[in-house]
Amino acid sequence: MIPLGAYLMVSAALFVIGAFGALARKSAVAILIGLELMFNAALLNAVAFWRYLHPQGFDGTVFAIVILAVAAAEVAVGLALFIAVYRRFGTAEADEIALLRG
Amino acid sequence: MVAYWIFALVSLLMVLAALVAVTNRNLVRATMGLVLVLFGNAVLFVLLEAYFLAVAQVIIYIGAIAILIVFAIMLTRHVGDAWGPAFHRAWAWAVVVAGGLAVGLLFWIAHWPAADGKAKSPVDPQYTKLLGKALVAPDGYVIPFEVASALLLAALIGAIYVAWGGRRVKGPYPQRSEEKEA
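Protein sequence lines correspond, in order, to chains A and B. Note that numbering that gives the first Met the number 0 has the first sequence beginning at 0, numbered continuously upward. Note that numbering that gives the first Met the number 0 has the second sequence beginning at 0, numbered continuously upward.
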């Protein structure tokens, strides 16, 4: 059977790549894509821990289902915000929306 | 033995697709990279015997979230305008943060005592049925389930409200897209 550490490694790689994307990308939609990668890494971690450490229980799967719901809600609200921002400012680049900068 | 090969291939593909998703200038291509990662995650869920979650992953993430992102790209960018710089000026700091995170996570996984462990017991063949019952059982997980439903409803209404209207600011703020066309 595949060791738990292998799943944790894949999850860590996805999380790090997603964090880089969320921090470095210019476009707001691309930042959201990075966030989705991080959500997925957390999801994979939760399911792997459930399978290897507590496969008879329901905590891990229910936690994963709640993560799915939260990710869906987050993406819907985030994209609605970007569309509103684009309508107001004519751009969805995160570093050009700097109205609060002095 | 087949499971090892599937795991190795799918993980490699996922990491490569994730790199495409965070580096490609074209947002549609980046989204396709994200879709590959999401699908690979579903395959890993099947390997982990979480069949319900694998199906939910395909339906919710690929069927809803990825499509939503594609729609947002179509609504917010001109199609021919999708080739600007991918990263902002301070991207080196992002490399520093992500690198530090990577070192910390690798250190933690290497020192995790159960990281090379085997699964303690097999999954119940009736697991999905039991999960469905546990989700709505009053002594089970009915509260998180209902809270997630309320959260989704609130997010739905909020998203419609936020994206519905709003006037364009005419004032001193530059209208970048028009400037590029002029």
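Check before you lean on any hint, since a few could be wrong.
Below, a list of computed lysine to aspartate or glutamate pairs in the EDC-like style, where the Cα atoms sit at most 20 Å apart [unchecked claim]:
id, chain 1, residue 1, chain 2, residue 2
1, A, K25, A, E95
2, B, K132, A, E73
3, B, K128, A, D58
No lab work stands behind these hints, which were simulated from the structure alone.
*Does K128 of chain B pair with D58 of chain A here, judged by a C-alpha cut-off of 20 Å?*
Measuring from Cα to Cα gives roughly 15 Å; hence the hint holds.
_Pair hint K25 of chain A and E95 of chain A, alpha-carbon separation not exceeding 20 Å_ = holds, 9 Å
*Regarding the pair K132 of chain B and E73 of chain A, is the alpha-carbon distance no greater than 20 Å?*
Cα-Cα ~27 Å, so violated.
The earlier numbered hint that this structure contradicts is number 2, and it is the only one.
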